[in-house]
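S.K.: This is what each chain is made of:
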Amino acid sequence: MDYTIKIGGEAGQGIQTIGGTLARLFARTGLHVFTHQDYESRIRGGHNFYQVRLSDKPVMSSRNRVDILVAMDKETVPLHRNELSEIGQIVYDSSFLKQNYDEAHFLDVPFLELALKHGSRIMANTVATGSVLGMLGMKLDVLNDIIRDTFGKKGEDVVESNIRAATAGHDFAASNCSKCSFSVGANGRSPMNAKMLIDGSEAIGFGAVASGLKFYSAYPMTPSTGIMNYVADKEEEYGIIVEQAEDEISAINMALGASFAGVRAMTGTSGGGFALMVEGLSLAGMTETPIVIALAQRPGPATGLPTRTEQGDLQFALYTAHGEFPRIIFAPGTPEQAFYLTNRAFELTEKYQVPVIIITDQYLADTQWTFDGFDTGRIEYNDYRLRGDDLEKLPEYKRHSYTESGITPLAVPGDSGHLVVTDSDEHDEEGHLVEDAETRIKMTDKRLFRKMPQIKDEISPPTIYGSSRADILLVGWGSTYGILKEAVDVFSKNRNIAMMHFSEIYPLPSPEKFYYLKVLENAKIAICIENNATGQFACLVRAETGYEFRAKINRYDGRPFTLEGLSGEINEHIKGL
Amino acid sequence: MSTLKDYRGQHPAWCPGCGNFSILKSFKDAMVEMDIEPHQFTIVSGIGQSGKFPHYVRCNTFNGLHGRALPVATGMRLVNNEHPVMVFAGDGDCYGEGGNHFMHAIRRNINVKLFVHDNQIYGLTKGQASPTSMEGMKTKNQPFGVFSEQLNPMALAIALDCSFVARGFSGDMEHTKELIKSALDHKGFSLVDILQPCVTFNKLNTFEWYKQRVYRLDPDYNPEGRAQAFQKALEWGDRIPIGIIYRNNRPILEERIPVIIDSPLVKQTFDLSKLEKTLKEFY
Chain A
1 MDYTIKIGGE AGQGIQTIGG TLARLFARTG LHVFTHQDYE SRIRGGHNFY QVRLSDKPVM
61 SSRNRVDILV AMDKETVPLH RNELSEIGQI VYDSSFLKQN YDEAHFLDVP FLELALKHGS
121 RIMANTVATG SVLGMLGMKL DVLNDIIRDT FGKKGEDVVE SNIRAATAGH DFAASNCSKC
181 SFSVGANGRS PMNAKMLIDG SEAIGFGAVA SGLKFYSAYP MTPSTGIMNY VADKEEEYGI
241 IVEQAEDEIS AINMALGASF AGVRAMTGTS GGGFALMVEG LSLAGMTETP IVIALAQRPG
301 PATGLPTRTE QGDLQFALYT AHGEFPRIIF APGTPEQAFY LTNRAFELTE KYQVPVIIIT
361 DQYLADTQWT FDGFDTGRIE YNDYRLRGDD LEKLPEYKRH SYTESGITPL AVPGDSGHLV
421 VTDSDEHDEE GHLVEDAETR IKMTDKRLFR KMPQIKDEIS PPTIYGSSRA DILLVGWGST
481 YGILKEAVDV FSKNRNIAMM HFSEIYPLPS PEKFYYLKVL ENAKIAICIE NNATGQFACL
541 VRAETGYEFR AKINRYDGRP FTLEGLSGEI NEHIKGL
Chain B
1001 MSTLKDYRGQ HPAWCPGCGN FSILKSFKDA MVEMDIEPHQ FTIVSGIGQS GKFPHYVRCN
1061 TFNGLHGRAL PVATGMRLVN NEHPVMVFAG DGDCYGEGGN HFMHAIRRNI NVKLFVHDNQ
1121 IYGLTKGQAS PTSMEGMKTK NQPFGVFSEQ LNPMALAIAL DCSFVARGFS GDMEHTKELI
1181 KSALDHKGFS LVDILQPCVT FNKLNTFEWY KQRVYRLDPD YNPEGRAQAF QKALEWGDRI
1241 PIGIIYRNNR PILEERIPVI IDSPLVKQTF DLSKLEKTLK EFY
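Top line first, the protein sequences correspond to chains A and B.
For the first sequence, position 5 (counting from the first letter as 1) is numbered 5 according to the working numbering, and the numbering increases by one without interruption.
For the second sequence, position 93 (counting from the first letter as 1) is numbered 1093 according to the working numbering, and the numbering increases by one without interruption.
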């Protein structure tokens, strides 16, 4: 079983409510779910859709074919009817769309009339959700639970009328959809073996909260705002301050101030905002102040396509900011990786006092995945700061004293009689500005050369999925993890194929330690697949290792890869092999 | 008891005769009179001659980027509201490069003390016009004279209902010291704009120029009235008032944030045991 439901309509029509409810509900019955959204940069109107894929096997990408199309506006029908699968059905309300379709694969459900009958017009979404369940032959009990969770605070009346509206939609669809041949198995599915459902933004936010984050400052920018939303929701429970800054320059400087004062701090933005943060990134490098920066990419240059996706800022994140200092870059491929990598980002920035950038994109930020669960026991939390008595009893403290490792413990200012001094100018061990050549060399050695080998040693190898001695290698980084893995599944029946996915991308994993270059060299073809125009990761690999990809697949229309589209392109490369 | 000896910092690299020396002296005297020790506060500074100030004080120091001292100070105060944070900035630093942060720090009313070394010129970059340079002043880079209206930091701050607005003159050290003490005693975002000569580059607003014009506000002057304060703030030319021009009791940001009412964030421990409950919210 592997169905796709697409809900299309104008912004502001509640498409997210229907899609989000369905996704949660399927996850609660133990199904695997993958959702993605496509929206325009507007508050109301336009055309948007929310796509939910459900299966009894793990799913981690979207399909092109749609089994149930929920048309909340007229435009949805012509735009998406050609995506219908053989058993596909379009459910709509003829009074909404002011149009009747007589074809067999259309189901006219009076969303509005049933909503008015059982409550108010606002419940049309609940009727629509109920009717999808009716078409699928699913029971209503899980939906009723979600209605109670969602509307419980608004009182029993609201709960009851929503349940009646859902039931009406469900029963109408179940008895009128004679062509519906869907089956979700397990007797219409009741709550069992519930899976967690989480998107990339939430996973980073949760990862940060789970790492002891205390301060998050940001300026809202799509597609990074979801992280700020998640953390702000946890302010009270976890004792966190989220400050909306006047601009991104302020956001990163505030976070650095908070970090200097003694807590774990983070900021998040997209490419344009990151450009404004760049001087602050350099300041973090010079003052050795820990900071985690989430960079959620969207297509540029400039404002680009604000609500769409691209992996176009890798080279920017790698080489931006003046001067020479170390940095760490992670690019999670799934919400699960995002959760654990955000935790590692905090550990490493605190341990080495170098900035860590977590790169995602609109696609990963907004896609929801199901997992059996995250293991909070895997969360690492070490306080690397000098505070309280441990600090007070030190005979002497110099913020930037030379050490074997290049790392000088960061003391909390005001926590002892010791002074904590740092400077954006080149400085001496105490932190006071200097200009002499000898100190300059020693400080650069401390900040850069002493730390870099240790940092490199922390980096994990790429994930290999599929054949261990593959002829065909699909190579990628960041958000393409799911699509590459599914592409391997498509071809592995008759091809010796594997995925090589990098989520810890700078510094690159050590080729001496992990032999991934050998795997690349031994393959008949290694295709570097990237959601950008120029193959930025391929450039990085060549610059750092000398290995040059001879085959590349690049998509740069602002949309994510789809399995059908990508498989076709892979086939072009491998058909002669 | 703190003493002047505690505040013996690096040897200043300012030009001989620079107004900064007087400000430094006033500041150290104020600290000693208030019996504050160097580790009990942090100075955040930007770039310019004023940016070097904390190195010459000997205290906790974050000497950051040009124009960005206020955001750093804000971040520090939000996570540790028991630790006083002061900003020493210049007129170009604070009103030019960092103008946006200046406006929004006032709006937030974060309890940071901002001292602006205002010499109406850029010193470190060798003599260009600053936002507070007077219209018509000629420089190497403004050969036809400054065309823009002179920024009035007092009036701007009062327009934004800044909690404490004062002007000092480096040449009146006793008065400057008292202003610094008043600002530190005040609860709320405090701006003290300190006029000072730049002996090397500002040939217009010299020590003599200021000396002839500045006058201490009348002891009967009441800084609580906003409209009257705004009137006072507009006074510039033959006579320039120094002293506390405006003051109010707006609540500070730190006291309005529920999570730090009992203790500052920096003293709150992290409890990993809550994570399982949070994880359940995803089901």
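Check before you lean on any hint, since a few could be wrong.
[To be verified] Among the chain B residues that face chain A by a calculated CB cut under 7 angstroms, a handful are: (1) Gln1010; (2) Asn1063; (3) Arg1068; (4) His1083; (5) Asn1100; (6) Gln1212; (7) Asn1248; (8) Ile1252; (9) Ile1261; (10) Ser1263; (11) Leu1265; (12) Phe1270; (13) Ser1273.
Note that these hints are calculated values from the structure, not bench results.
Even for Gly, the Cβ is constructed at its ideal location relative to N, Cα and C.
S.K.: Work down the list of hints and note, for each, if the structure agrees.
M.R.: Evaluation of the provided hints:
1. Gln1010: Since the shortest Cβ distance to chain A is 6 angstroms, the answer is holds.
2. Asn1063: holds, 4 angstroms
3. Arg1068: Holds - the Cβ of B/Arg1068 comes within 7 angstroms of chain A, reaching about 4 angstroms at its closest.
4. His1083: It holds, given that the least Cβ distance between B/His1083 and chain A is near 4 angstroms, below 7 angstroms.
5. Asn1100: Constraint on B/Asn1100 satisfied, holds at 5 angstroms.
6. Gln1212: Because about 36 angstroms separates B/Gln1212 from the closest Cβ in chain A, which is outside the 7 angstroms limit, the hint is violated.
7. Asn1248: Violated, because the Cβ-Cβ distance from B/Asn1248 to chain A comes to roughly 22 angstroms (cut-off 7 angstroms).
8. Ile1252: violated, 14 angstroms
9. Ile1261: violated, 11 angstroms
10. Ser1263: violated, 9 angstroms
11. Leu1265: Holds, about 5 angstroms.
12. Phe1270: holds, 4 angstroms
13. Ser1273: Result: violated, 9 angstroms to nearest chain A Cβ.
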